[in-house]
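Novice: Residue numbers (this note's numbering), protein chains in the order written: chain Z, 17 to 110; chain E, 17 to 110.
Just so you know, not all the hints are guaranteed correct.
To be verified - List of simulated lysine-lysine pairs, DSBU-like, C-alpha gap at most 30 angstroms:
| hint | chain 1 | residue 1 | chain 2 | residue 2 |
| --- | --- | --- | --- | --- |
| 1 | Z | Lys73 | E | Lys82 |
| 2 | E | Lys29 | Z | Lys29 |
| 3 | E | Lys106 | Z | Lys52 |
| 4 | Z | Lys82 | E | Lys106 |
| 5 | E | Lys82 | Z | Lys30 |
| 6 | E | Lys30 | E | Lys82 |
As the list claims (entries may be wrong) - So, partial list: chain Z residues that the calculated Cβ filter (under 10 angstroms) puts toward chain E:
| hint | residue |
| --- | --- |
| 7 | Gly55 |
| 8 | Thr58 |
| 9 | Ile62 |
| 10 | Gln66 |
| 11 | Leu67 |
| 12 | Val81 |
| 13 | Ser85 |
| 14 | Val98 |
Read the hints as simulated data drawn from the structure, not as lab findings. For clarity, every value in this text was computed on a predicted model and none was experimentally measured. The C-beta atom is built at its ideal place from N, Cα and C for all residues, glycine as well.
Protein chains: 2
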Amino acid sequence: MSDNSRDIIFIGKKPLMTYVTAAIIQLATQPMITIKARGLTTAIAIDVAQLVLSKTKPAFEIENVKIGSESLVAADGRNRDVSTIDISIKRTTG
Amino acid sequence: MSDNSRDIIFIGKKPLMTYVTAAIIQLATQPMITIKARGLTTAIAIDVAQLVLSKTKPAFEIENVKIGSESLVAADGRNRDVSTIDISIKRTTG
Numbered sequence: 017m018s019d020n021s022r023d024i025i026f027i028g029k030k031p032l033m034t035y036v037t038a039a040i041i042q043l044a045t046q047p048m049i050t051i052k053a054r055g056l057t058t059a060i061a062i063d064v065a066q067l068v069l070s071k072t073k074p075a076f077e078i079e080n081v082k083i084g085s086e087s088l089v090a091a092d093g094r095n096r097d098v099s100t101i102d103i104s105i106k107r108t109t110g
Numbered sequence: 017m018s019d020n021s022r023d024i025i026f027i028g029k030k031p032l033m034t035y036v037t038a039a040i041i042q043l044a045t046q047p048m049i050t051i052k053a054r055g056l057t058t059a060i061a062i063d064v065a066q067l068v069l070s071k072t073k074p075a076f077e078i079e080n081v082k083i084g085s086e087s088l089v090a091a092d093g094r095n096r097d098v099s100t101i102d103i104s105i106k107r108t109t110g
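This is chain Z alone, in the form it adopts within the complex (with noise of 0.2 angstroms):
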């Protein structure tokens, strides 16, 4: 993994085409980006993948999608397991 902060996008609470725009916009000058989220906001996280997809077809395709839980740490001062995902996006080759 890069460890390059400016091919990573992370899914928070902004509009979801603030999160496509910023992807295309890195994938212009970077050979791969990653999408990350965690929580409800990895069904945005998708979202925002199959967007920047079509909106660029066929110029970009989908490399890997990860899946795993984080432990956090509540505001309640409890250890609660979140869902993540990472979705890796690059340039079609061929």
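Since chain Z is already given, all that's left is putting chain E on it; use the hints.
Specialist: Quick look at chain E alone, frame taken from chain Z:
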């Protein structure tokens, strides 16, 4: 892909643990199962997969994660694209 519908767990609106239990029961007799979801329940599908793995550790592992989109006709008659996720889980080898 197998045409055996018993090895597919489709995520709906039931409580999370319903799907976790169903998946673990299917994995007792099937070599591989696929957890499918679309729209906002894609986030739940990831939770279900992570819970299946953590509750049965180290018996099963993620075989593949596939994301995509599907065109649905919404209640207002217009087409809407929804994101989908397919998570395949198989018995750990070796």
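Novice: Mind listing which of the numbered hints don't hold for this structure, in increasing order?
Specialist: Every hint satisfied by this model.
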